[in-house]
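Asks: Here is what each chain is made of, one letter per residue.
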Amino acid sequence: MHETEQLKAAFATIAEEAPDVGGVTAALAERRRVASQRRMVLRLAGAGAAAVAIGGGVATYERLAGRRPVLPEAEQPGDAVALHTRPAWLPDGYTPSQLVVAVGDANSPEELRQLYTARAWSDGDGGTVTLAELTAAGFTPPANATTVDVGGVSAVLVAGPSGTELTWRPSGGPMVRLQARRGGSGDPEVDRPLALRIAQRLTLSPARVVVPRLGWLPPGVDGSAWGDMYVPDGYWYAGPADRAFTTMVDLGPTGLDTHADPIARTVQVRGRDGYVTRSGALVIHLADGRWLRVYETNKDAPPLSFDTARALAEGLRLAPPVDPSVF
Amino acid sequence: MTFEEFVAARLPALLRYATVLAADPHDADDVVQEVLLRVQQRWSRISDLDAPEAYVRRMIANELISVRRRFAARLRREQVTAPQPVPDRSDEVAGNDALVRLIRTLPPRQRVVVALRYVEDLSDVEIATMLGISLGTVRSQAARALATLRRALTPTSPHTLEI
Numbered sequence: 005m006h007e008t009e010q011l012k013a014a015f016a017t018i019a020e021e022a023p024d025v026g027g028v029t030a031a032l033a034e035r036r037r038v039a040s041q042r043r044m045v046l047r048l049a050g051a052g053a054a055a056v057a058i059g060g061g062v063a064t065y066e067r068l069a070g071r072r073p074v075l076p077e078a079e080q081p082g083d084a085v086a087l088h089t090r091p092a093w094l095p096d097g098y099t100p101s102q103l104v105v106a107v108g109d110a111n112s113p114e115e116l117r118q119l120y121t122a123r124a125w126s127d128g129d130g131g132t133v134t135l136a137e138l139t140a141a142g143f144t145p146p147a148n149a150t151t152v153d154v155g156g157v158s159a160v161l162v163a164g165p166s167g168t169e170l171t172w173r174p175s176g177g178p179m180v181r182l183q184a185r186r187g188g189s190g191d192p193e194v195d196r197p198l199a200l201r202i203a204q205r206l207t208l209s210p211a212r213v214v215v216p217r218l219g220w221l222p223p224g225v226d227g228s229a230w231g232d233m234y235v236p237d238g239y240w241y242a243g244p245a246d247r248a249f250t251t252m253v254d255l256g257p258t259g260l261d262t263h264a265d266p267i268a269r270t271v272q273v274r275g276r277d278g279y280v281t282r283s284g285a286l287v288i289h290l291a292d293g294r295w296l297r298v299y300e301t302n303k304d305a306p307p308l309s310f311d312t313a314r315a316l317a318e319g320l321r322l323a324p325p326v327d328p329s330v331f
Numbered sequence: 031m032t033f034e035e036f037v038a039a040r041l042p043a044l045l046r047y048a049t050v051l052a053a054d055p056h057d058a059d060d061v062v063q064e065v066l067l068r069v070q071q072r073w074s075r076i077s078d079l080d081a082p083e084a085y086v087r088r089m090i091a092n093e094l095i096s097v098r099r100r101f102a103a104r105l106r107r108e109q110v111t112a113p114q115p116v117p118d119r120s121d122e123v124a125g126n127d128a129l130v131r132l133i134r135t136l137p138p139r140q141r142v143v144v145a146l147r148y149v150e151d152l153s154d155v156e157i158a159t160m161l162g163i164s165l166g167t168v169r170s171q172a173a174r175a176l177a178t179l180r181r182a183l184t185p186t187s188p189h190t191l192e193i
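Sequences listed follow chains A and B, in order.
FYI, the numbering for the first sequence is 5 to 331, going by our numbering.
FYI, the numbering for the second sequence is 31 to 193, going by our numbering.
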C-alpha cells in the first residue's frame, strides 16, 4: 500500500471515533437559553424606558455599583412588586414563558428609570403575547401609530413585523403595553385582531411577586438599571442591565452540569454547602432545596474569581418561585 | 443561512474533522463545542464570509494547537480520565493500529499539519495560511511527524512521502 494511502487509512480509523452530535447541540441549546433570557431582560429593560416619558411616584432603588461585599441578613427576601392586570383570554396553546421585573435602561438618564413589569406567553412556535405594566404616567406615541378603542379607552396601536403593540391605561389600572404576534405570521392583519381581542378582555387582578435583588456588584458595573426574570421551569435570573456585566446569577431547581464543568472544590457560602467548578462557577445548595448559581456566560471574559462569585452570592436577596396564578 | 441551520447541516462533518485533527474524540467534542459557542456569538459576521465553514475549520485547527488547549486537555486527562493501557494487538492489522497509535502520540501541531495535508488534501501554503505559521514551519513539522510515523509505515511502494 502506498504510504499516503496508509496514512489516509489510519486517519479514517480515527475519524470513525467521531463523537455523536448530542453533546455539542445540548451545549449550544443551553447557551441559547441563557443568552436569550439575558437578552430578554436587557431588551425589556430598554423598551420600558424608551416607551415611557417622564413619570413620578415610582419606587426608588439604591445604586449598587461599586459597593463592597457586605453579608446581608441570612435569607433576606428581595423586593415585593405589585402586578395589577391579567389577560382573561389568550389563544389556545399559549402558556407562560416569563415574568420580568425591571428598572429602566442603562442608556437613559437615571431620573427616567422606572420600575415596570412584563409577563409573556408563547405558543412554542414563534407566537408570543407580552403584557407590560408601566409605572410612569406619560407616553409619546411613535409617528406610525394609530388610535383604537379598547373598552371605551383610547389606545395607541403600532403594527409591525414583530407584532401589534397596544398602549393604553385601562380604567383603574396602570398604563399597560400589550404586544401580540402569531407564530410565523409577520402579518399585521393577523396580529392586530389577536392583540385587540386580548386587550379587550384584560382584567384588573392585583397580585404581588417577590423578586430577587443583587446586593453587590463589582466596581465599575452600573447597577442603577436592572432586571430580574422568572421562567416557569423555576429559575429566577437577576442582574444589572449593564452589558459589561456578563456573569449570570440565578436561582433554580438544579445545580450546574458537573460533567461538562467538574467540581474543583467544595465551599461554604451563606452558611450553606456548595462547590466551585473548574471554570470558577459557584453553586450553593439553599435550605429550600433550590440552587444559587453564579457563573460566567462570556467565554472570552476573564475567569470569574471566587471573591467576586462569593460576594455576588452573599449579596443576593432571595425570592421564592413565582405563584403560577400571576400569569 | 442561520447559525442553527449551519450547525444542523455541518456539525457531523466538523466533529469528524476535529476528531481526525485531535486524534481524540473527547478533545474533538470539547473543541467543536468551544468553537461553535464563539461562532454563535459572531455568526452575523461569520455568515457574511465567502466560506463560513472554512473559517470555522480554521478556528478548530487553531484551537487544537493552542497552548491553552493543550494545557486544558492535559489537565483533563490527568485529573478526570485515568490513562488506559493500550492492548497489544500486534498480531491483528498491525500496521494500521501501530500507525494510529503513533498518530495519537504526535505533538498537536505536527498531527494537525499531517492531517490537513493527507486527509484534507491542503497544500503546504494553504496549511501555513490556515494556521498562521510560516511555510518552513509547516514543512519542518511535517518532516518530523513523518519521521515518527515511518516507523509504522509499510514500505511496500517505491513512492515516498513528500516532506
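Worth flagging that the hints you see were computed from the coordinates, not collected in a lab.
Predicted, not measured: the structure shown is a model, and the values here were computed from it.
Treat the hints loosely; a few may be bogus.
Covered stretches of chain B, as calculated for chain A (at least 3 residues, CB under 8 Å) [claimed, not checked]:
(1) 59 to 69
(2) 84 to 96
(3) 139 to 151
(4) 155 to 163
By construction, the Cβ of each residue, glycine as well, lies at the ideal position given by its N, Cα and C atoms.
Asks: Going through the numbered hints above, which ones does this structure break? Give me the numbers in ascending order.
Replies: 2, 4
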